[in-house]
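Chemist: These are the residues of each chain, in order.
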Amino acid sequence: MSEHSTEAANPSDSAFKLPASLSKLALPLCACGLILLLLGWGLGNYHGGRYAMSVYLTSFIYCLTITLGCLYFVVIQHLCRAGWSVVVRRIAELIMVMIVPLAILFLPIMVTLWFGEGTLYHWDSSEYQAANHIDAEVWETKSRFLNAGWFFFRAVIYFSIWAGLASFYFRGSVRQDETGDKSITDQMQYWSGPAAMLLALSISFAAFDWVMSLAPMWFSTMFGVYLFAGSMLSAHCMITVVAFILQKNGAMRDEVTVEHYHDLAKYIFGFLLFWIYIAFSQYMLIWYGNIPEETEWIYRRQLGSFGVLGLILIFFHWMLPFLGTMSLYVRRRPTLVFGWAVYVLVLHYIDVFWLIMPETHSGTPGAVANAGGVIGVIASVLCVLGMLGLLAGVVLRVADQTKIAPAGDPRFRESLAFENI
Amino acid sequence: MSLAIPQGLDNTVEQPGERAPLVLGDTTYHDITESVCRVAERAPSKGWIIGFLISFALLQWLGLCILYLFYEGVGVWGNRSPIFWGWPIVNFVFWVGIGHAGTLISAILFLFRQEWRTSINRAAEAMTIFAVICAATFPGIHVGRAWLAFWLAPYPSLNLWMWPQFRSPLLWDVFAVSTYGTVSLLFWYMGMVPDLATFRDRSKNKYRRMAYGLLSLGWSGSSRHWMRYEKAYAILAALAAPLVLSVHTIVSFDFAVSQVPGWHTTIFPPYFVAGAIFSGFAMVLTLMVPARSMLNLEKLITIRHLDNMCKIILATGSIVGLAYSTEFFIAWYGQVDAEIFAFVNRAFGPYWWAYWIMVTCNVISPQLFWFKKCRTTPWIIVVISIFVNIGMWFERFVIVCTSLSRDYLPSAWAYFTPTWVDWSMLIGSFGLFFTLFLLFCRLMPVINMAETKSTLAKQYHMAHNDEH
Amino acid sequence: MSDDSNEKKVHGLFAEYDSVDSLLAACRRVRDAGYTKTDAFAPFAVHGIDTALGIKPSKLPYIPLVAGLTGTGIAMLMQIWMNGINYPYIISGKPYVLSIPAFMPVAFEVTVLLASFGAFFGMWALNGLPRFSNPMFTDPRFDRATDDRFFLFIDAKDQRFDAEGVRQLFADTGSQYINTVVEDDTPKQIPRFLLIVWALLVGFSIIPALIVAKMRVTNSDKPRFHIFMDMDFSPARDAQQTTSLFADNRAMRPDVPGTVARGQLGDGLDYLTGINVDELSRMDSPRAEQLVRTFLKPQDDDEADAAGPPAAPSAEQAASADQTASVMDTTPWLKENPLEITADLLDKGQEQFNIYCAVCHGRNGKGNGLVNQRAQQILAQQWIPPASLHQDILQQDKYPDGKLFSTISNGIRKMPGYSGQIKTRDRWAIVAYVRALQQSRRASIDLIPADKREEITQLKTEIDKKLAEQAEAERKKQEEGEQQAAKS
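Residue numbers (this note's numbering), protein chains in the order written: chain A, 1 to 421; chain B, 1 to 468; chain C, 1 to 488.
So here's chain A without its partners, still in its complex pose (with noise of 0.2 Å):
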């Protein structure tokens, strides 16, 4: 431990600007995404409205989950008073802000609930219930929670509670970042417990509103822990591929190290177990029970691409990068670790295609056998890879204003020494 800290116990400051390399991206990546998601939702109208709708909102879900994971991680190593993440805490912080401009991009999914009757969620549309051959009691109670004003003032809710939270961590860690002052970290910490409850509280329910009440009579009580399960999944591979960027264009070469790198692997490991945990555990259930109100929700998920889909999700987003990251040398090879982390990335994207997609054709089984063909991936990709690229020269705009470590964080020498083994 000694022999690291002296050799950073001064770390100069120009290892914490970002790179004028990436700096510069910013108002392009911004551009070019805005441009690849209205293409991207411009060709999934090809499909029609609901088609490219859903595409939209699978980027959303995409992005909205690693914003949060980020935001969750934050929080999490406030609550635990984590000394091995500091340094690449900063990355998390950068992202988690990023729930400002999805708030933004949350906009377009209540246009359609206000001007387009049943665009996208089937309880929005008033035929739904007769084709289905739903009890009108039942619909009415339903209704009663899944309509236009309430979905919108819950969303309010929820994104006021995630802004608050990014927004006084963030403060509180840039400000940090000139004085040093250790009674900000007292109070982060301080407000961590409850923040973590909220957290858990709104993004379950978030979950339940803006993805599971797409089938709006199907329901999981475990569906918000699995969505929240591949948020901080995927979290953790955001901050290694863009520490690993970052060091690549020259900034905090000797602040991240193979430690750290180590200790996402771990994390990234241990969060692709539990990922698979919890979506065994719902399968399980639903398969064992077999009672068709439940049911219909997988059955859809297994007819025709979906179900290949399906068994993807098993083999590469569980058991390959599992079995990839299990050993001690992958873990210690920064590159490799990025190379997985990239990996699971897109196979979470698959994972939240799966959840939405599927409900794109309803009203009749086997409808929804494929996936929306080669224009329908086209536009899928476009779409989230606009959204990321928008967000990313957002993320890149904030972060030349600030710096990429919380180098005033009084755990800061503690995480440069960190050592695994």
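Since the hints were derived computationally from the structure, they do not count as laboratory data.
C-beta atoms are modelled at their ideal positions from N, C-alpha and C, and glycine is treated no differently.
Just to be clear, a hint being listed does not mean it is correct.
Stated by the list, open to error - With a straight-line cut-off of 30 Å between C-alpha atoms, the simulated DSS-like cross-links for lysine-lysine are: (1) B/K373 x B/K311; (2) C/K9 x C/K188; (3) C/K188 x B/K458; (4) B/K299 x B/K204; (5) C/K9 x B/K458; (6) B/K231 x C/K157; (7) C/K94 x C/K59; (8) B/K206 x C/K9; (9) A/K266 x C/K37; (10) B/K231 x B/K458; (11) B/K206 x C/K188; (12) A/K266 x B/K311; (13) A/K266 x B/K458; (14) B/K204 x C/K37; (15) A/K266 x C/K56; (16) B/K311 x A/K182; (17) B/K231 x C/K56; (18) B/K231 x C/K59; (19) C/K157 x C/K37; (20) A/K182 x B/K46; (21) C/K56 x B/K204; (22) B/K231 x C/K348; (23) A/K266 x B/K231; (24) C/K188 x C/K37; (25) C/K414 x C/K348; (26) B/K204 x A/K182; (27) C/K477 x B/K458; (28) B/K373 x A/K182; (29) A/K182 x B/K458.
Said to hold, decoys possible - A few chain C positions that, by computed beta-carbon distances, are all more than 12 Å from chain B: (30) W81; (31) N86; (32) I91; (33) S99; (34) L152; (35) V202; (36) A239; (37) G258; (38) G369; (39) Q421; (40) L447.
Fit chains B and C to the known structure of chain A by using the hints.
Modeler: Quick look at chains B and C alone, frame taken from chain A:
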């Protein structure tokens, strides 16, 4: 990173950038050895003898009840149609839950590098094993024919050449609980070997030396041995961590794969696991708080340890509370009549009292741990953790009995009434648990000396760094 | 101690330190001085000692990995084979082989169990433990290696070993205590009393096994022990037993006077027996009388019981009929089914046949039902294969409907009577269905309406072809199996 200077024995204050010491006072390596070995080497105290006699008497009572059960049949329990799963299964799930804290502390906290685990993991692991023994008793006797338990083994039956039914959650239970018991035992024993060597090297008596010598396998403390030992420990921890989760997950499958309203809900696996950790930590605190003062271990099991455990209780208690409310919400959201009825019946039906005891003890009482005063005052901790234990027992009671007593067929509805045998077995199982635990305190190292010493070494190192 | 070292074999030298830092410093010096056969002893795992001593990482992790994967494999194959192939269970409609989700929990547990065994036992094996005799233990001072002292040891086998040089090196590192490690010459035999205790324990533990073994091979005319009552002595009364519960002391309760079984009112005797009773009374009046007495009990008679009595005499009678059958069956059986044959009746007959008869006779009536298949599989010795219903002697001209009805009702050879389970009308329905079944094997194409004949012939050729292929394949498979069996 530097070392925080504690105020007397209160090491809960930690400035950011500092780490609080976990071994207090001017303790040396030898002091650790002394204070732990003394527990087992000196003559038993009066308190220990009285405690042991009481628990041993209760254990005998349990044994008699079991014999009576074998002789008379399961009719001696209150299990009646439609509540065929009465107290035995409630007790089973309760004890298995208690058994989760030990391996959690040893394995998961180890993987998360939480060093405060070192002085509490040994006793917690011992509790795990004893709790698993208590738990295994109930499924063992629940059909009243314990000697036919071998039917659960995968062997072809003699007449028909047929095999056990692997699609049954009850068989999964057999595999899960026995694997968990075995792995916990290996883990516990392996952790204890270096400490047993300490016992061996300190013993004056020839037979004692021989016994501990056999148990410690000739451990010499060689650094090559330590290296492989640490590696094996890490691997076992990595294996035990998902194992802990799997055990209560599988116990939850017993309920959740069925179609009984109130049981069939997908949140059960994580919710059961959280509940198990919750009750396990509560039991650890219930035992450790009195034990640390009786055995004079305040410098090793510090207020900070208690504080941290209380925080975990608070966190898991809140998760459990969250799960209760999610279940209610989804029952309403799902709009399935049977589910709505099951949950309304839980809270306002004939078992309303059990439900509200559960909510009060499990969700409301741990909220007191938001206050630091409550997390650091031993007697408050004990009171709350006993409440949590009661609450968690009632949780299982509520799940089992409310759902079964109001099944789909209203003509079969009934109310569960326990018999004196039910009561005796519940109390007797505590006798079994405490007997084993008290014996453990006398015969085995109650604190992991080796690991506590390595924590102390790190502390020395930190203090040393401060000077420069 | 050091005086003894002249006589005993010297293993090496060790030095004592009182802190981690001094130990680590000494380790580095020893390593840099070129010693390789070294070891350090500490009461806890010292951070950084591996590099300080130059110890290579262990291969241990591979053991649990292999063990774990073995566990997964064993558990999955075991479950699939046991529950999906060897003895397929149907449980809540789940697939046989592909019940993967249901097999996961056990697979996971076995994986973890074997991997843990691998880690635990692998570690001890690699460490060479248990090893109770260790030269290091000869020095009482070494007892503190598990308390608060740290030791560094250099093996005499090291190429650079030289007692004086090492002693000097140790002294330079600031050690307060340096000593040689000598052979452990304490007696190596296991103490006698331990052997005795062990022998006694083994001896006693064999006794129960011996008792059980003896019990299993000896006969006894005494009743079995009943430590636990089990279900051997059920408080419920058996047939023909007495009870004090009722005034007449009979456990079996007669019907309430005037009881008529559903649907049995007004059924003729012919209908109930399958025999033309008028004819019988002319041929063999005592037998007819007996038959009449069995079936037509006065309702006020205490003996009356709807299900019980008829079975016994009829079975007797059937048996006698059976005996004479080989000579000549003179019983005037009903030639025709007394019921009107309708599609509904045949459906009913098919349903009942598939429930009660098909388990043995097979759905196609060929006598190869599931029970028979299982019996063949386990080579049951007492098993008499059920008859094929398509034999010539069972056709309507040789085996009248009434006789078939009587066989169903009263049983034949090993087959029990089904009059208790199947209602009279349903038994007749089964008779009708069996006739249809027989017909299906023998019908000629002329019976089919002219416009459908072509279609049917075409279908038949196709099916015949497939069947022939299948039979060929099965024959081959069987031959191969026999060859293999012959080989092994």
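Chemist: All the hints need checking, so say for each whether the structure fits it.
Modeler: These are the hints, each one checked on the structure:
Restraint check for B/K373 and B/K311: the C-alpha separation of about 12 Å stays at or below 30 Å, so the hint holds. Using a Cα cut-off of 30 Å, the hinted pair C/K9 and C/K188 holds, with the two alpha carbons roughly 16 Å apart. With a C-alpha separation of about 40 Å, the suggested pair C/K188 and B/K458 falls outside the 30 Å cut-off, and the hint is violated. Annotation: proposed proximity of B/K299 to B/K204 holds, straight-line Cα distance about 27 Å (limit 30 Å).
With a CA separation close to 39 Å, the supplied pair C/K9 and B/K458 exceeds the 30 Å bound. A C-alpha spacing of about 28 Å is found between B/K231 and C/K157, which places the hinted pair at or below 30 Å, so the restraint holds. With a C-alpha separation of about 43 Å, the suggested pair C/K94 and C/K59 falls outside the 30 Å cut-off, and the hint is violated. With a C-alpha separation of about 26 Å, the suggested pairing of B/K206 with C/K9 holds against the 30 Å cut-off.
Between A/K266 and C/K37 the alpha-carbon distance is near 35 Å, which puts this suggested pair outside the 30 Å criterion. Between the alpha carbons of B/K231 and B/K458 the distance comes to roughly 19 Å, so the proposed pair stays at or under 30 Å and holds. Pair hint B/K206 plus C/K188 holds up; C-alpha atoms about 16 Å apart against a cutoff of 30 Å. Note on A/K266 and B/K311: the hinted pairing holds, with a Cα-Cα distance of about 24 Å set against a maximum of 30 Å.
For the proposed pair A/K266 and B/K458, the alpha carbon gap of about 23 Å is at most 30 Å, so the pair holds. Distance hint between B/K204 and C/K37 is unfulfilled; the C-alpha atoms sit about 33 Å from each other, more than 30 Å. This hinted pair checks out: A/K266 and C/K56 have alpha carbons roughly 23 Å apart, not beyond 30 Å. About 22 Å separates the Cα atoms of B/K311 and A/K182, which keeps this hinted pair within 30 Å; it holds.
Straight-line distance between C-alpha atoms of B/K231 and C/K56 comes to about 13 Å, which keeps the hinted pair within the 30 Å bound. Our distance criterion of 30 Å between C-alpha atoms is met by B/K231 and C/K59, whose separation comes to about 10 Å. A threshold of 30 Å between alpha carbons decides the hint, and for C/K157 with C/K37 the separation of about 7 Å falls inside it, so the pair holds. A hinted pair counts as satisfied when its Cα atoms are at most 30 Å apart, and A/K182 with B/K46 does not qualify at roughly 50 Å.
The suggested pairing of C/K56 with B/K204 is violated, with an alpha-carbon distance near 37 Å, which exceeds 30 Å. The hinted pair formed by B/K231 and C/K348 fails the criterion: a straight-line CA distance of about 70 Å is larger than 30 Å. A hinted pair counts as satisfied when its Cα atoms are at most 30 Å apart, and A/K266 with B/K231 qualifies at roughly 16 Å. Between C/K188 and C/K37, the direct Cα distance comes to roughly 26 Å. Compliance with the 30 Å bound is thereby established for this hinted pair.
Straight-line distance between C-alpha atoms of C/K414 and C/K348 comes to about 26 Å, which keeps the hinted pair within the 30 Å bound. Simply put, B/K204 and A/K182 have alpha-carbon atoms about 53 Å apart, too far for the 30 Å limit, and the pair is violated. A distance of roughly 71 Å separates the Cα atoms of C/K477 and B/K458; the hinted pair therefore is violated under the 30 Å criterion. For the proposed pair B/K373 and A/K182, the alpha carbon gap of about 23 Å is at most 30 Å, so the pair holds.
Restraint check for A/K182 and B/K458: the C-alpha separation of about 24 Å stays at or below 30 Å, so the hint holds. With a least beta-carbon separation of about 9 Å from chain B, C/W81 fails to lie farther than 12 Å from that chain, contradicting its non-interface assignment. For C/N86, the shortest C-beta to C-beta distance to chain B comes to about 7 Å, within the 12 Å cut-off, and the non-interface label is violated. Its closest Cβ contact with chain B, about 5 Å, brings C/I91 to no more than 12 Å, contrary to its assignment away from the interface.
Distance to chain B contradicts C/S99 as a non-interface residue, since its nearest Cβ pair spans about 6 Å, not more than 12 Å. With a least beta-carbon separation of about 9 Å from chain B, C/L152 fails to lie farther than 12 Å from that chain, contradicting its non-interface assignment. Taking the minimum C-beta to C-beta distance to chain B, about 17 Å, the non-interface status of C/V202 holds against the 12 Å cut. Every CB of chain B lies more than 12 Å from the CB of C/A239, the least distance being 24 Å, so the non-interface label holds.
No Cβ of chain B approaches the Cβ of C/G258 within 12 Å, the least distance being about 30 Å, so the stated non-interface status holds. Chain B leaves C/G369 outside its interface by the beta-carbon criterion, the shortest separation being 16 Å against a cut-off of 12 Å. In this structure C/Q421 is separated from chain B by more than 12 Å, as the shortest Cβ-Cβ distance comes to about 23 Å. No Cβ of chain B comes within 12 Å of the Cβ of C/L447; the nearest lies about 44 Å off, and the non-interface call holds.
Of the numbered hints given earlier, the model fails hints 3, 5, 7, 9, 14, 20, 21, 22, 26, 27, 30, 31, 32, 33 and 34; all others are met.
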